[in-house]
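Let the hints inform the model, and build the full structure from the sequences given.
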Amino acid sequence: MNDQIREKLSAYLDGALPDAERQAVELEIARSEDMRLELEALRAVSSAVKGLPREKLPDGFAARLESRRAREGSTPPRDYFILPPAYRPLAFALSTAVVALVVWDRTQTPDIVPQRVGWDGETVGIKSAAEAPPSFDVSGRLAAMEEAGSADKAAANELTAKKEDDAAPATLGKQHSAPGKPLEIQESEPAPSAGGAGAGFAALSAPAPADSIPTAPASPPSAADTIEGSTGYIARNEEERSAINERLYKGFEEEKKRMGIARIVDKDAEETGLASGGRDLMALQASPEAPSVAQRTGSVGAVRGGSGRRSSAPIVKALALKTPEALLAAWAAAGLAGEPPAVKFPGEMAVFLACPPGCGIVSVQSRKKLVVVLYKDTGYDDPSARVRALASSEKPVVVKRVE
Amino acid sequence: MPGPGSYQQVSEQEFLEKHSELVFNLALRLTGNRSDAEDLAQDALIRALRALPGFRGDSQLSTWVYRITVNAWKNRVRAEKSRGFWKTISFGAFGNKDEDEPVYEPAGNDAPLDTELEKEGTNAVVQKALLQLDADDRAIVVLREIEERSYGEIAEVLGLAEGTVKSRLFRARAKLKLLLAKAPA
Numbered sequence: 001m002n003d004q005i006r007e008k009l010s011a012y013l014d015g016a017l018p019d020a021e022r023q024a025v026e027l028e029i030a031r032s033e034d035m036r037l038e039l040e041a042l043r044a045v046s047s048a049v050k051g052l053p054r055e056k057l058p059d060g061f062a063a064r065l066e067s068r069r070a071r072e073g074s075t076p077p078r079d080y081f082i083l084p085p086a087y088r089p090l091a092f093a094l095s096t097a098v099v100a101l102v103v104w105d106r107t108q109t110p111d112i113v114p115q116r117v118g119w120d121g122e123t124v125g126i127k128s129a130a131e132a133p134p135s136f137d138v139s140g141r142l143a144a145m146e147e148a149g150s151a152d153k154a155a156a157n158e159l160t161a162k163k164e165d166d167a168a169p170a171t172l173g174k175q176h177s178a179p180g181k182p183l184e185i186q187e188s189e190p191a192p193s194a195g196g197a198g199a200g201f202a203a204l205s206a207p208a209p210a211d212s213i214p215t216a217p218a219s220p221p222s223a224a225d226t227i228e229g230s231t232g233y234i235a236r237n238e239e240e241r242s243a244i245n246e247r248l249y250k251g252f253e254e255e256k257k258r259m260g261i262a263r264i265v266d267k268d269a270e271e272t273g274l275a276s277g278g279r280d281l282m283a284l285q286a287s288p289e290a291p292s293v294a295q296r297t298g299s300v301g302a303v304r305g306g307s308g309r310r311s312s313a314p315i316v317k318a319l320a321l322k323t324p325e326a327l328l329a330a331w332a333a334a335g336l337a338g339e340p341p342a343v344k345f346p347g348e349m350a351v352f353l354a355c356p357p358g359c360g361i362v363s364v365q366s367r368k369k370l371v372v373v374l375y376k377d378t379g380y381d382d383p384s385a386r387v388r389a390l391a392s393s394e395k396p397v398v399v400k401r402v403e
Numbered sequence: 404m405p406g407p408g409s410y411q412q413v414s415e416q417e418f419l420e421k422h423s424e425l426v427f428n429l430a431l432r433l434t435g436n437r438s439d440a441e442d443l444a445q446d447a448l449i450r451a452l453r454a455l456p457g458f459r460g461d462s463q464l465s466t467w468v469y470r471i472t473v474n475a476w477k478n479r480v481r482a483e484k485s486r487g488f489w490k491t492i493s494f495g496a497f498g499n500k501d502e503d504e505p506v507y508e509p510a511g512n513d514a515p516l517d518t519e520l521e522k523e524g525t526n527a528v529v530q531k532a533l534l535q536l537d538a539d540d541r542a543i544v545v546l547r548e549i550e551e552r553s554y555g556e557i558a559e560v561l562g563l564a565e566g567t568v569k570s571r572l573f574r575a576r577a578k579l580k581l582l583l584a585k586a587p588a
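Taken in sequence, the protein lines are chains A and B.
When we follow the numbering used here, the leftmost residue of the first sequence carries the number 1, and every step to the right adds one.
When we follow the numbering used here, the leftmost residue of the second sequence carries the number 404, and every step to the right adds one.
No lab work stands behind these hints, which were simulated from the structure alone.
Misleading hints may appear alongside valid ones.
As the list claims (entries may be wrong) - Listed below are the simulated BS3-like cross-link pairs for lysine-lysine, each with C-alpha atoms no more than 27 Å apart in a straight line:
| no. | chain 1 | residue 1 | chain 2 | residue 2 |
| --- | --- | --- | --- | --- |
| 1 | B | LYS531 | A | LYS50 |
| 2 | B | LYS421 | A | LYS50 |
| 3 | A | LYS368 | A | LYS344 |
| 4 | B | LYS421 | A | LYS56 |
| 5 | A | LYS395 | A | LYS344 |
| 6 | B | LYS531 | A | LYS56 |
| 7 | A | LYS56 | B | LYS477 |
| 8 | A | LYS376 | A | LYS395 |
| 9 | B | LYS531 | B | LYS585 |
| 10 | A | LYS50 | B | LYS477 |
| 11 | B | LYS585 | A | LYS50 |
Here it is in structure tokens:
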């Protein structure tokens, strides 16, 4: 049987075929008994459906309609969109995918390159330099600065090499360099060696190499010391991170300006070997117009670079010096007159107190895990009061002021 | 058919008097029971009344009302299917419903329909067979056979091409023939 003709039977039944097609169908019906039976079957179906009775409206239809109209009419129109049911599986799949993506993203280790910024353990985690705000591109500034001061950089490299040998002292500074005592903060203008006790103190207050001059570990930054939200703080989003970085950068720049720091001569402690317990990541060089060191010894905040509350307490640090050269360097850098007290290196080490004039060590307590240096701010005219010999150890040294 | 702009607005009362029964009967054949038919008819009439002020006579009023009714019914069918999906949480529900329905086969030597159609309860058998058609096919059959709409009007109501209506009507009739032939006496 011709399927094309069969498909036209339905339209033929409805009288909906053009003349030519109708004649072709009629010809086929006259010729084929199957086609005739098929047509009769379709006609019977059509008649059966047509035979379904028309129903009258149910009683009370109009009243119920009006009631429903009133009910729905009083309902405020929706101000939201209901997704058509056909799209709901797709929406479900999409939302699931989004949630999965977010969860996956959260579980990934963020690509954070820790850049320690500031002084004495004040750190802030920021993302890579490319993601940092342009104004905070420290590496770029460093590069420019270092280019301008390649001579000092070379000196720093030389220092690094020598530090790796753990032997000969390196000299970075023009004035305060001393055997075995690399100084991270250098003054380009020579400071008076005798009258500049404060200057020497300032130099020493900067972090020192760990292997030659183990220093007291950085005390945890207090709220007052830290830039708000900066210590160990990872911003929750890019805006917050940018805001923190901006604040940090401003504080950093202000502090640099205030301290007269012109340039940063080294940026990576691990590269140069200047690390001291992982804390000292920058070596700084003061500018010629730097204020006198005495001016800079005023507060913890001044040296630590924080933009928070300024403390009036002087900076005091105790250095554990294991070589005579280191002791001499510290002594000279502090601008102390005369010679340091004798210490029986290497069996002993010298505990050197870096503090403002008049201070001195009251006692040194070698405890189980650390060495505690008790000191007073005033009352010690003899500079040798800043030095105590102690059995050599690797224990960290901390200071404690006593009245 | 009156051209656009020549349409004269009818009052709500006039509209309801003329079309309520028509809509109810269409709804009855589409849903298969009076309760659902009344609910669907009310839904369609309320929608039509809301839209009536915007009707400009671009089509016959009856065609326009049929379209509203069929669309309201198709929305319900889709919602029912969706509820079925969420009930079973079965991704198999995405399959084409047609695949689960009897496959059309040529009548061949099936018994003549007349013997069954002439028996009591024929209407129930026919209505049951109608309900086994998919939505568009059922609407096409009802609009053609019961409401006696032309192919062009059916195409307008359902938003299909006229050729599509023609071929689907043939397919629906063939399926009905098969269903009625298999129906118990």
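> What are the numbers of the hints the structure violates, in ascending order?
Replying inline: Going through the list in order, the structure violates no hint and respects every one.
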